[in-house]
Each structure stands twice: as structure tokens, then as C-alpha cells.
Amino acid sequence: MSPGPFTSLQRCITVVIAGLLLLVGGPASADEAKLEEKKVTLYYYLRTSAAKGGGKSLGPFTSNNNHPLLDGAIIGVSWPQTHPKRGQFDWSVVDQYLADWTVGGKPLILQLVPYTQIPIAGDPNGDNAVTPQWVYETGVPRITFTSGGAGRGRKVSVPKVWDTAFYTDYEEYVRGLAAKVGGDSRVAGIAIGIGHNGNLTAQPSPNGGPAFQSAGWTLDVWEQHAKRLIDIFAKHFSQKKLFIQVTSIYIRNVMVPQHLEPTKRILKHAAENKVSILFRELDPDVHKFNRTGIRELVGYLSTLNPAPGFMIGLADDWPLWVPEVRSKQCPGPTCGRDVNGFHRELSLALDVWSSINQKIPMFLVFNEQEASATNKNDSRNFNRAVYDVAVAALTGRLEPAPSSTSEQQSQPAPERPRKKRRAPSQ
0 MSPGPFTSLQ
10 RCITVVIAGL
20 LLLVGGPASA
30 DEAKLEEKKV
40 TLYYYLRTSA
50 AKGGGKSLGP
60 FTSNNNHPLL
70 DGAIIGVSWP
80 QTHPKRGQFD
90 WSVVDQYLAD
100 WTVGGKPLIL
110 QLVPYTQIPI
120 AGDPNGDNAV
130 TPQWVYETGV
140 PRITFTSGGA
150 GRGRKVSVPK
160 VWDTAFYTDY
170 EEYVRGLAAK
180 VGGDSRVAGI
190 AIGIGHNGNL
200 TAQPSPNGGP
210 AFQSAGWTLD
220 VWEQHAKRLI
230 DIFAKHFSQK
240 KLFIQVTSIY
250 IRNVMVPQHL
260 EPTKRILKHA
270 AENKVSILFR
280 ELDPDVHKFN
290 RTGIRELVGY
300 LSTLNPAPGF
310 MIGLADDWPL
320 WVPEVRSKQC
330 PGPTCGRDVN
340 GFHRELSLAL
350 DVWSSINQKI
360 PMFLVFNEQE
370 ASATNKNDSR
380 NFNRAVYDVA
390 VAALTGRLEP
400 APSSTSEQQS
410 QPAPERPRKK
420 RRAPSQ
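Position 408 (the sequence shown) corresponds to 407 in numbering that gives the first Met the number 0; numbering is contiguous.
If you are wondering where the hints come from, they were derived from the structure by calculation, not from laboratory data. Owing to the predicted nature of the structure, the values given are computational and were not obtained by experimental measurement. It cannot be assumed that every hint is accurate.
Said to hold, decoys possible - Simulated DEER-style distance windows between Cβ atoms:
#: 1; residue 1: Asp230; residue 2: Gly104; range: 28 to 34 Å
#: 2; residue 1: Asp122; residue 2: Glu171; range: 20 to 26 Å
#: 3; residue 1: Leu34; residue 2: Ser402; range: 43 to 49 Å
#: 4; residue 1: Thr217; residue 2: Asp122; range: 25 to 31 Å
#: 5; residue 1: Ala98; residue 2: Glu35; range: 27 to 33 Å
#: 6; residue 1: Glu171; residue 2: Glu260; range: 32 to 38 Å
Yeah, the Cβ is synthetic: ideal placement off N, Cα and C, and Gly gets one too.
All chains, full assembly: derive it from the sequences and hints.
What follows is the structure, given as C-alpha cells:
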């Protein structure tokens, strides 16, 4: 019996709909449909010019504020811009941050940075661009050296942050910020600024480390400094989430993996004060990642009983994903960070989490490149393959990652089959 006209029409409509679905990328994947089961929190580094490089931050600050996967953003607050003189504050840029980015209903985490190694152009002292210059007028000594990183080769000065006078100035700033945003629900938390770029790192450059040591820096001094700042922030932000950011270096030649015990003491003090830990050295190369000390430190944290709300996070200073042309720039900081590299990085993060049986809640932080690539509302930068990896990771459904070139090279070569020897002629 031949199909009636209505059945034929139904089939035609089905074919047309299927074709349209293929054109727009197909129906929602199983992982995408289960985003309500997201197991991992996701934040985003919202970069500004002033937070690390000096000058004034110019808005609007709306980048990725419509990103459906994000739970919030981390944005740096310029100390000189918001605290231009002792006892004087200007929070207008913080007001703009909040007005611009939180319009979508997601909160901000404000990051403080006490110093970097980028000097103010033309400054005779080489004062770095993110420490207010009035700080030195209160008696805080300068530490001066030839910069590395973005300020490479230039004279730069940073404050001796373990000096008593520095704590007075810095706590005034922390107290002022707490009065401004402590009761604002649009601010989810504060990233504590301890050292270089706000991290637990003191100074990573070849010349900066010896200069710090000449000024009296020791690992014990730095441990006490970090604990003191944790106490100051915990006192003034008792109702906010707090974070510290950890890399694998204190100063050049004083590395975290070789000094795990003092690092554990700092992290224990943080955990006891409900200060979460963000480890900032995810890498697509498993061998490099395993040399950071992150696995050992996370394992140690899992033996503690931190207060509710304590979390561990993983991220990196460099983008976790870049377009393929940049991922082929080897050697270099973006080498191997294509879709497969992104997959490996998130797999390593989840593997660390699984190693402690997911005992402590975990979060990830994306940079601009991978955040825009995973934002379905960003038609210019959206990348389906990167998005699918991110969704699978956030929902705990990420399949094992393909091995990297370095991992393949480290494996013994497969034994080649031996050719059968011809029987000798009779």
C-alpha cells in the first residue's frame, strides 16, 4: 500500500529539518544537554590594561559576560588607580567593572596585585607600574634590578613587601576595598595579592631573585609574609570567598617542588582560613606538568579538613587553547596548545581531582582565547571542537586525551617484526 499524501509530506518535512540541523551544527550533544549536571566551576580571567601594566583601565568591561558556561570572572584591580594617595580612594573603575560585567547576573572576583616587573616608562627609579609611588614615601624600601619578562632589560623597582611599613599601607587598601565591596553580592570573592603578579611567587627573573636575597629575602621570611597577608584579607573579607594563586617558583633557583614543606605550611594556613588555592601551571605536556608539584600539593590538601567552601583550581598564565597556527610555534609557551593540547590539559586537571576522589570541589579558569572559543554567543570566535572538550570536562565526561608528541617520543619504539631468514640452499 503506497503512502498517502500526508505521510509523504511528513517525510519531506523531516528531511528538510534534518538538513537544517546539519547546517546549524546539529542537535545539542548529550554533554551539552546535561550542563545542569556541571561538576566543575568555571571562571574567566578578564584582562585589563591597568591591573598589571599601569595606566587607567578603559571599558567597557563586557568581554564574555554572556558566556553560558561561566560561573564568574576574575578581574584585576589597579592599586594606583583606586588608591592614588594615602587615605584617598577612587572606586569608579570598580563600579564600572561591576556595572558592565555583572549585567548578565554572574559575579566578579577582584584580584589584587602588589607589584609586577614592568616599569613606568621614563621613571628615574624604574618604579613598577602597579605599586602606588606614594608607598615609597611612607618608608617602604625599593628593591631595584634589571627586569625580565615583559619589562626585559629595563631597570625596575618593586617594594620590599615584607617590610613593616608596607603592611600598614597595604592593609589600608584592603580595608578600603572591603568597605566598598564587602557587602556587594556582585563580588563573589577576592584573589589575595601576595607577590609578583599577585601570585605566591616573589620574583621569577634571573636578576630579581638575587636582588630580593640581598634585601633580606629568605623562604622563611616569605612564608611568614604569605601567612600574614592571608590573615589580613581573612580579617577584612570574612564574608567573601578568598583565593591565593600558586606557581612552581618562589625566586629563580628556589622552586616549589624542591621546597614542598614550607609550601604545604602556607597552603595549610590558607585552608584553615577558607582561602582556596589556584594552581597556575596547567600544561599540555604531562612531563612538564608532573614537575610542578601540583599533584603532591593537592594530595596533601586532601588530607586536611578545610572549612566548607574551600576549593582547588587549575589554570595557566598562557592560554590553554590557541589556533593551530600558534600551537605550532615551537619551542614556545603556546606550543602544542591546539584542541588536543586543550584536551590533555583538562584531562590532567580532572586526573588530579580524581586522585583525591574529588574530595575537594574543583574549579578551572580560562583565559581570553579559550573563553571566547567556548562561548556559543560569540559567533566570531566560537569553536565547536574546543567547546565540546570544555563541556565534557565540566560535566566529568571527558574521554582520555590523545598523547602529546613528547609522550610518544618517551615511549619505547615498538619492536619491528623480524624477517624470516631464508633456508639455506641445499
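Now for the hints, and whether the structure bears them out:
1. Asp230 <-> Gly104: 28 to 34 Å: With a Cβ separation near 33 Å, Asp230 and Gly104 satisfy 28 to 34 Å, so the hint holds.
2. Asp122 <-> Glu171: 20 to 26 Å: The hint (20 to 26 Å, Cβ to Cβ) holds, given that Asp122 and Glu171 are roughly 23 Å apart.
3. Leu34 <-> Ser402: 43 to 49 Å: 28 Å, violated
4. Thr217 <-> Asp122: 25 to 31 Å: 29 Å, holds
5. Ala98 <-> Glu35: 27 to 33 Å: 29 Å, holds
6. Glu171 <-> Glu260: 32 to 38 Å: 33 Å, holds
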